[in-house]
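Below, each chain spelled out in residue letters.
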Amino acid sequence: MNVTERVSAALACSAVDRELPGVLLFDLDPGLIDSIGRWLSTLLGNSAPPTQLGHKLAEDTLWEQVEPERDAASFRLTPGPLTEYDRQWQRQRPPDVIVVPDLSLLSLPAARAAVTIIGSDAVHLERFGRSAAWRPADRWIAALRRDDVGQVSPHLLDRFAVRIDASGLARPVLRAADLGTFLAAAPPEVFGPPDAAWLQVIREGGSPPEFSEAAAGRVLDLLSSGTPGIRRELALGRLARALAWLGGAAVTTAAHVDEAAELTGLAASRGPAPRAGLPASTEQPSGSADPAERHDAAAGRAGAAESDQPEAVTGLPARGTVWPDSGTPNETGPGPGGPADSGIARLNLDQTAVGIPAGPYPEDKAKPAHEADPLRIGWPRRLSGPPHGHPYGTMHARDLRDIAVIPTLLRAAMFQAVRRRSGPAQHRAGRRLRILGADLLSHRRARRSGALLVLLLDHTCREPDWDWYVPLAPYLRWAYTHRAPVSVVEVGRAVATSRPVAARELRAQHFRARGLLDPRVARALDRDPGRATPLAHGLALTTRILRHDTQQGSVAVADAVLVVVTDGRGNVPLSASVTGNAPVHAGRSGVADALHAAGQIKRLRRVRRVVIDPGPRAYGHLTGDLAMALDAPLALGRPTPRAGPAERGEPTPPGGVF
Amino acid sequence: MPEEPNFPLLPYSRIVGQDTLRDLLAIDYVMRSSVGGVLVSGDRGTAKSTIVRSFARMMHGRLPVTLPINVTDDRVVGGWDVNSLMLGVADWRDGLLVEASKSGKNGESGMLYIDEVNLLDDHIVNVILDAVSTGILVVQRDGKDKVPEHVDFSLVGTMNPDEGLLRPQLLDRFGFYVGVTAEKEGRADVRARILSTVLRFDAEREWPHSTWLAEGERLDQERCEEIREARRRLPQVRLTEQAEALCGRLAAEFQLEGHRGEIVMAQGARAWAALEGRFQTTVRDVQKVAPHAIAHRRKDADYADGIGLTHEDEARLAAVIASARPH
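Respectively, the protein sequence lines represent chains A and B.
My numbering applies: residue 329 is where the first sequence begins, and numbers increase by one.
My numbering applies: residue 207 is where the second sequence begins, and numbers increase by one.
Only chain B is shown next, with the shape it has when bound in the complex:
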């Protein structure tokens, strides 16, 4: 493939609003966990894709490895390079799962981004689930028997719930769920800032030496380093017994199937503490991530209108968290 074309993206630091989504992307990066990943669901035009792409460029220096809905299975798991074959040469080309696994900076695992994840063909979903659930990619196809390969990446998906939801198995593979709602972005001052920022970006990106964009990139560098520092700090962050017990109680209260929910909560709480520069988790850290680890693992979350916490759920969540606070 020729070099990546120039994709002018709004610098991450210039993006206005959507703080929850941005926090969760940072938490997911810091966690660096096999149970991580973020599913973003929201109305049209809420900058879901822009934020994910800008975050990936800030952290990995490139666009995320993207799995589009037009993908065929040979590009997911790997296959022979067609153009080479036409010339009589057999070249194996890794698929997107392996590419994502190697796409981070300095040999780190990267991100696999699925735009419109709920429009993906079931057959492709099965292929992804096979690899994601085990972390091992086994390829035996077209006469090729490939040595099983370890794949490790952060799975990030965006979707518009108007077009249907995800199968429960795939839902569970995302560590966190974040619903981007119109109400949260509905404030006039926020809308005004978004409008002026995006329109300014349209104009600035046509300037080869835009100081506005250069300043945005400098801020991105700073933010990137902060997040990386949090990742380096993570091993030293201790999960307190209080926070650990709270994660378990929340999982029991919401009858989460399996244990992935509480594991994500615990790891996410540690990551948030690391991002805030602390070495010990608190109840607030669990409170920060719990709704996003629970929402898509609730019973009935796979039904239409089912993802997201109801008012009653929020009240239950608050009650369990309040009971865990020191009196």
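Only chain A is shown next, with the shape it has when bound in the complex:
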């Protein structure tokens, strides 16, 4: 099955079964996503263009918008692109298609919205006096590079049930004769018109085919790896059922499951699987451009299969695309005009080289590179863009952003009698409120600190006679005076367990405190040391926290201070922390992983860093190595006779240390 067939079949499955609303296309050229979205819209019978979600969307824009009325004398609330409620009340309005060109760059509000919408039984909207609930039907298509998978919240990834490798997909190459048309108009669509038979099945709707026991057994065979939840099994089962549905079968068989596994790459990632009845793309009459002819050919095969073996696929015709005069593109052997010849999209990454598995769930093995708690709203301070912080009052609006709707309406209401008496004739009739620019009020929002203190505390480096409050005091004082929130990452804390090594010991823990006075901070500073030192995990966690808080869209912290207290002797490799399995022999990998993670922090902007050395000991150079990797000054945690004020750990403002 080539990439064109894979993607078009997956989209058709999503169109026919509303329980498959999310399609994730790995390594898709983002420039193609609009065309693909339009094609899915056509399948759904919707002529509206797809809605594109990007990285600058605010929550208000997603759910509802304030628009001026035509007469410019009043305003109205209109639904945002994600609010299906109003659209569903319009009779027989088909679902919309929402496209995300790069899932790793999706804005935080949009990502949070996606998690609550895709695959949900019910979506609730409760904003600014508006209350609505609906059963979502919109379809989502997102593109994501495989090597960016670690940057996306697993929670969000999980919402995309259909995962397809789309590398190599491209627009068709036109013949020289069509070049003039191409230059005069838009570029050609990725897919030709959808197949009529598919359209008929999708429009008819109805009930999906029955799911046989053999199919259920096959699903569990393919996904017996003990994954959390049952969502992957359901996704594979539903995909198989949709394939059967599109092929006109009354029952979903094990062969349909195999076909679905091949479509998603699951079969390839798990090794060879039985191929009963799988339609091989090489069997397609690739030169045929007539959909009816191809449909007949496929139906003929299906009929033969039915008569020979009951469990065979009853027909997934490779009918996603009609390629004008260019034949069906085939990624393994592109003919003239195939996508590989087009030169438009060549994103077929060498997956072996980047070390990312080619199956549908690369997040299982990808190293997490996303922020800590990626879907939570961080500790924000506005640098640009819409204001943040919760509203505590109103002020006269300077622009149309962040309008306080209710206070504006109440203010306008006071003047209605006067305006109706003295305003233009067209304003005197009717009951609608007349709002003038002078009425507009915007929210006055609480200020939030733009500072952040991140403490990485390695409890295992703390000798009983060492009071680390002394070297930490200036940083704690700085956090207090700036009212900075504090993120604490704890490495090597004691865990009450009698087992040899508990998984929790192999991981660092972290929490966020709203300020220094949160009692958890003091408790963390007084914690007993444990047995393992997962320093690499602690630094990786710190990277995610800092990345989240300093880079998250327009709500980033402006001044973050990272204080690392450690002796640098990490003895838990990062892989052991991630898997929770104690290493048989750690060697130097714990230290090496820590230095690598420190190098990631070094590249972050707006982060000031310092490493506090716990004092003389064996392998004392490791703290210096870590400071170099972080590009951070090294402060001595214990006073020495000839040390300067900073090195003696005396109270010095952070600015003086850096």
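Note that these hints are calculated values from the structure, not bench results.
Looking from chain B toward chain A, a few residues come up when the C-beta cut is under 8 Å (computed):
| id | residue |
| --- | --- |
| 1 | Leu215 |
| 2 | Thr278 |
| 3 | Met292 |
| 4 | Leu293 |
| 5 | Asp368 |
| 6 | Glu369 |
Here a beta-carbon is modelled for each residue, glycine too, at the ideal position from N, C-alpha and C.
Starting from the known structure of chain A, arrange chain B on it as the hints suggest.
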């Protein structure tokens, strides 16, 4: 708001597995207590939301009043109706806290459900805590000075711990905590039954006269009546001295802050006895609810990986319970 659209939900009685969560939802309903509520934490795709919604529909005849993460504070506490205001009419619209309080059948208090509760904005959490901790909602905003109103509902939240935990104040407001783990649902036979049930539901709900769904609803009616009967029986269920002492010992053993932990344990034990048709609590009743009243109130429960009982905690729990059994 126009009438609620048709939300086809899997009948509660057709749901496979997750027995602990289902028991706790029933206990919470029977308790009808201001210290109740259930926090459900678990992996993705473990049907947390489905179970809560189906339970609410079975018991209250409607979806739970849901507080989504997109909520603004005027919808939490109440505010002016925007569309009416646009037409020059001032209509006050109650918020979700009041709606939840009135959403039960026959005037009973209902459920306030917060999906992805750990993604809720801090500001909204503060607003909820204010009302939940006192049971009184005071609203003075946008020129409105509302008479303080009593609010009473069961607070149920679901969350995925991958996205962070809750603030201790909010954690403590949930009577029970239940962790939905992959291991418990990892058995092949359970997975097979879940798979076939959900896929069948996909198909059946497209049939207007599905006998499978009708049978599920009939079973729901029966189960609903059983739970209601337990609630009616609750006032007659006696908390024995032995069970009462055990609740206190467990709270002391795990150094629970405040007294909400042991109160929840005692009320939960009575509710479980009522659900089992008994009029007197036993040690087993306390054993049933204790882990879920303790887990999120332990010291350090607000840390990552902190919620839930360790093996050592379970051993301590078992030891205290064993010491309370009659010899």
